[in-house]
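Position 41, counted from 1, in the sequence shown is what numbering that gives the first Met the number 0 calls 40; the numbers after and before it change by one each time, with no gaps.
Everything labelled a hint here was simulated from the structure, so no lab data went into it. Idealized CB from N, CA, C, for every residue including glycine. Among the hints, erroneous ones may be present.
Stated by the list, open to error - The calculated label-pair distances, taken between Cβ atoms and stated as ranges, are:
#1 Pro172 <-> Lys115: 18 to 26 Å
#2 Gly155 <-> Trp120: 17 to 25 Å
#3 Thr33 <-> Leu141: 46 to 54 Å
#4 Lys115 <-> Leu90: 22 to 30 Å
#5 Cys56 <-> Trp117: 22 to 30 Å
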Amino acid sequence: MNVAAAGQQGIGAIVHDVDPRHRGEYERWMLAATQAHRQCRGYLAMDVIKPVGAGACYVVLLRFASVAEASAWLVSPQRRQLLEQVRPWLLREERYRVHAGAAFWFAPAGAGEAPKRWKQWLLSTLAVFPLTTLIPAALRALAEPLAPALPALALGALSATLVSGVMVYWLMPLLSRVAAGWLSR
Numbered sequence: 000m001n002v003a004a005a006g007q008q009g010i011g012a013i014v015h016d017v018d019p020r021h022r023g024e025y026e027r028w029m030l031a032a033t034q035a036h037r038q039c040r041g042y043l044a045m046d047v048i049k050p051v052g053a054g055a056c057y058v059v060l061l062r063f064a065s066v067a068e069a070s071a072w073l074v075s076p077q078r079r080q081l082l083e084q085v086r087p088w089l090l091r092e093e094r095y096r097v098h099a100g101a102a103f104w105f106a107p108a109g110a111g112e113a114p115k116r117w118k119q120w121l122l123s124t125l126a127v128f129p130l131t132t133l134i135p136a137a138l139r140a141l142a143e144p145l146a147p148a149l150p151a152l153a154l155g156a157l158s159a160t161l162v163s164g165v166m167v168y169w170l171m172p173l174l175s176r177v178a179a180g181w182l183s184r
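Construct the entire structure; sequences and hints are all you get.
Here you go:
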């Protein structure tokens, strides 16, 4: 468990890998668990990210007024009792972490190991090379007839913005999904 500084909102991230044959029971159990969360001191909100397709992974995000309140709920006897009810439907032990405020969004998503650095480097290079070759060339070709006085620095900034946006929002998520098996080996 990763517990950050007190005084900030606490976000509990819980991951349950649910046996697909027990999805219905799990989701009915989730209704009871939600009522219990709402009664807990400092509770603010809950979001559930359900599995896609035949997937098994449910991610539950619980937001509390403080890190201490989020941590207290996650180790409480009431929650432990709820967890005992759902344990037969889980494919493996639950994973959870507590984060302070926005730190949650920048923490590693899973409890597993990160891919090897050389694999991350290779996949990133595979994404960066075509983008840094094609986008600046395309922008230059567009800028020459439309805005010939556009400074090179402005063109470079626009190019960097486009490359970063395509990388973060489209290409790296796509490549990471396609190469997930290879990255985890």
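Range agreement (Cβ of Lys115 with Cβ of Pro172, hint 18 to 26 Å) | Taking Cβ atoms as reference, Pro172 and Lys115 lie about 19 Å apart, which means the hint holds.
Cβ distance range 17 to 25 Å for Gly155 and Trp120, holds or violated | Roughly 24 Å apart at Cβ, these two residues keep to the hinted range, so it holds.
Using the C-beta atoms of Lys115 and Leu90, is the stated range 22 to 30 Å upheld?
-> 25 Å, holds
Between Thr33 and Leu141, does the beta-carbon spacing fit 46 to 54 Å?
-> 51 Å, holds
That 22 to 30 Å hint for Cys56 and Trp117 (C-beta), does it hold up?
-> With Cβ atoms ~27 Å apart, the hint holds.
This entry satisfies every hint, going by the numbered hints stated previously.
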